[in-house]
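Student: For reference, the chains in residue letters:
There are 2 protein chains.
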Amino acid sequence: MPCLTGISILYQCRPEGGQGDVHPIYDAAIAWTGDRIAWVGPAAQLPAAFRDGPAFDAGGRTVIPGLIDCHTHLAFAGWRAEEFEQKLKGASYLEIARAGGGIVSTVRKTREAPAEALVTRCLDHLGRMLALGVTTVEAKSGYGLDLANELKLLEVYRDVASRCTQRLVPTLLAAHTTPPEYKDRRADYVRLVIDEIIPAAARAGLARFCDVFVEETAFSIDDARAIFAAGRRLGLVPKLHADQITDTGGAALAAEVGAVSADHLERSTDSGLRAMAGAGVVAVTLPLASLYLNQPPVQARRLRESGVRVAVATDFNPGSAPSYDLPLALMLACTLQRMTPAEALKGATAWAAHAIGEGAEVGSLLPGRRADLVLLEAESVEQWLYHYRPNCCAAVVAGGQAVVGALSPA
Amino acid sequence: MPCLTGISILYQCRPEGGQGDVHPIYDAAIAWTGDRIAWVGPAAQLPAAFRDGPAFDAGGRTVIPGLIDCHTHLAFAGWRAEEFEQKLKGASYLEIARAGGGIVSTVRKTREAPAEALVTRCLDHLGRMLALGVTTVEAKSGYGLDLANELKLLEVYRDVASRCTQRLVPTLLAAHTTPPEYKDRRADYVRLVIDEIIPAAARAGLARFCDVFVEETAFSIDDARAIFAAGRRLGLVPKLHADQITDTGGAALAAEVGAVSADHLERSTDSGLRAMAGAGVVAVTLPLASLYLNQPPVQARRLRESGVRVAVATDFNPGSAPSYDLPLALMLACTLQRMTPAEALKGATAWAAHAIGEGAEVGSLLPGRRADLVLLEAESVEQWLYHYRPNCCAAVVAGGQAVVGALSPA
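Protein chains in written order, with the numbering used here: chain A, 262 to 671; chain B, 262 to 671.
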């Protein structure tokens, strides 16, 4: 079986302990069989049984678990660079939305796009994300907003999942916004989601999670409660966009409905965050969205005090976070939110896995987990996120195969 | 002579007009002779005389002038990743400095480092900066802080300049901070700078500019006035670090002494900025430093209203801006400071050239200027800084030579 030695520090990122506990092993080795990790520990203790396969040398590099982007809106058509400039000149997200721009223009283009074109785009994005060390990606629908197009997006993800290197986890986000044809008839759209879209997606086994954008301009707490209940009955686990622009009580709702995660949380109350911690809901922070929207992000100190587990993701989408650069999101989690590098790393590995129900599969370098790992050109996780460079990823192993760069023979 | 066609948009970035005027030419061509641009314009108008050399095809890519990083502290030994974590936990830059950490630890390591080791590190950094499209770099001394070591750093730059691809512009920053051996004797150190370091550097022709860090914990306005006067007498043009952490009136001083630029300006007053505009001083903003130090950066609106020309640079240094990623600085100039992408581009080309007295040589794609240009994998400058990706630089031409990537034959 293959083994990799010459690792100056390997961060195990076990799913336990505090946010900053990333379990470094110095002068480490890791061995795997097929797509699973067989052994991890100090190289000096590597058993002879694990030395009989191809032996690779990390050349003193740092090893971290394959990164997990646990919140993306991966499949969409078009871009919205022109709005970026409008926002820089002072227009707000809500103003652009109310004027019929923003998300609605992406919905129109995505509905018009053939599935094959969306698949090609997703595969292109995923290839570039892989080069950054991202080996697991959550992907939401939400630019279809009718039965046919929401299913089209989820089918795009099924097709992409069978052709990409990453592990892809699909989420139904039919309740992203009210589509234009339901303007002033939000309740009718909520009924469509509950009565048709959720049952069709669940019957076809196309989604694992049911997500709702809970916001003044999107869906109310009561809408969300009804949608989550309908999803739960058919096996879809709740997830939500909560308290991004206004505090609508999304964090408390996440705790109430037992969501796997609540995401954004820029405006959440301390009591909401504590309720999430108590209910085991993962808090997903999205610093790129805060940066692009020019909003103060939730500070690490508040998250720490609440005791909640924190994941960090990109929110990749064409409006509020048009970047899939997860290492940049981690650097921003440090600089904008004042997380430590170790806390940020835990947020894109162990706790990101928990935010998408994949904790038993990925996110930690432990025997039995998938052999997804990244070799970094950095002497430590602190140095990686402090001396920030465009891409420090020297090689990526996914499911036991070197998929980016090449491993050097020992 | 070589010519490049197939350019969807070429941004000329002429040294005229407003901050956002970047002079796009659609379906453009550019031709050069030796290291100089010979012709730029719409491809349909390319004269036959410029078609007789090797012809290259940009493949529909966007072309911008080679980027200029007009504020770096390139030569230093060691790193300070451990302080990054301390700062994230709440320690301030001044607290770390007062406790004897911070810059003083870099000074100690830089003094101990052999010149050859510093040259090697500089060349490594410059190679990575070149891959990002950076073809001109200003580099400050300031970690030597005694006669021998300040000269050592400037000699390192002279050696590096003869071996690197970039155009390197050296600045004497002996007045970066008071060295430990002059603790409580700042006036004596200012005399050393005036009586020995400036004359020695000027005599040897090792620096173009004389920079002073004007700050409560560094040098006063009166210190700076005396140092600039001494530099001026020997041909060194003033430049200053102004109003970064506290407002000490640095912007007004820059106008008074006719500095080529004043840099940072986070705390400058509106009247200080207007005085700079009136005196033709370029304002250099350093958004990476604002981000790493968790300080509100100066907003584009205030700079616009003052009428000052704005350059954007990295401030690359091991303390407050440990990244040489100029494209990231431009993206942050947009997201944190609300500059438009075009304004940011002008800030890293035409106006950055003016901030280092190189406006007649680089920063604009005009006949007679150096043939320094970047081929971007982005359909426009708006798309480049909106859909932010780790490195969009497909190829770099410096002094007429393809130095990163390869140009495809037409």
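The set of hints was computed from the structure by calculation and includes no laboratory data.
Hints should not be assumed to be uniformly reliable.
[Unchecked claim] Some but not every residue of chain A turned toward chain B, in silico, with C-beta under 7 Å:
id : residue
1  : D288
2  : R528
3  : L552
4  : Y553
5  : P557
6  : C595
7  : T596
8  : Q644
9  : Y647
10 : Y649
11 : V665
12 : S669
Computed from a predicted model, the values in this text were never measured in an experiment.
Even for Gly, the Cβ is constructed at its ideal location relative to N, Cα and C.
Student: Double-check D288 (chain A) for me: the hint is only fine if its C-beta lies closer than 7 Å to a C-beta in chain B.
Tutor: 20 Å, violated
Student: Would the hint on Y649 (chain A) stand, with a C-beta cut-off of 7 Å toward chain B?
Tutor: Y649 (chain A) check passes; min Cβ-Cβ to chain B is 4 Å, inside 7 Å.
Student: Return the status of the interface hint for L552 (chain A): holds when the least beta-carbon distance to chain B is below 7 Å, violated otherwise.
Tutor: Where the cut-off is 7 Å and the nearest Cβ of chain B is about 5 Å from L552 (chain A), the hint holds.
Student: Using Cβ atoms only, decide whether S669 (chain A) comes closer than 7 Å to chain B, and label the hint accordingly.
Tutor: 20 Å, violated
Student: Interface hint check: Y553 (chain A), Cβ to nearest Cβ on chain B, cutoff 7 Å. Holds or violated?
Tutor: 6 Å, holds
Student: Can we keep the P557 (chain A) interface hint, with Cβ of chain B closer than 7 Å?
Tutor: Violated - the Cβ of P557 (chain A) stays beyond 7 Å from chain B, reaching only about 11 Å at its closest.
Student: Using the nearest Cβ pair, does V665 (chain A) come within less than 7 Å of chain B?
Tutor: 13 Å, violated
Student: Per the CB criterion, is T596 (chain A) less than 7 Å away from chain B?
Tutor: 5 Å, holds
Student: Please check whether C595 (chain A) passes as an interface residue: C-beta within 7 Å of a C-beta belonging to chain B.
Tutor: 6 Å, holds
Student: Identify whether the interface hint at R528 (chain A) stands, where standing means a beta carbon of chain B within less than 7 Å of its own.
Tutor: 19 Å, violated
Student: Next item in the hint list is Y647 (chain A). Is there a CB on chain B closer than 7 Å to its CB?
Tutor: Check passed: Cβ of Y647 (chain A) comes within 4 Å of chain B, closer than 7 Å.
Student: Interface hint check: Q644 (chain A), Cβ to nearest Cβ on chain B, cutoff 7 Å. Holds or violated?
Tutor: Hint holds; Q644 (chain A) Cβ to chain B Cβ min 5 Å, cut 7 Å.
The structure does not agree with the numbered hints 1, 2, 5, 11, 12 stated previously, though it agrees with the rest.
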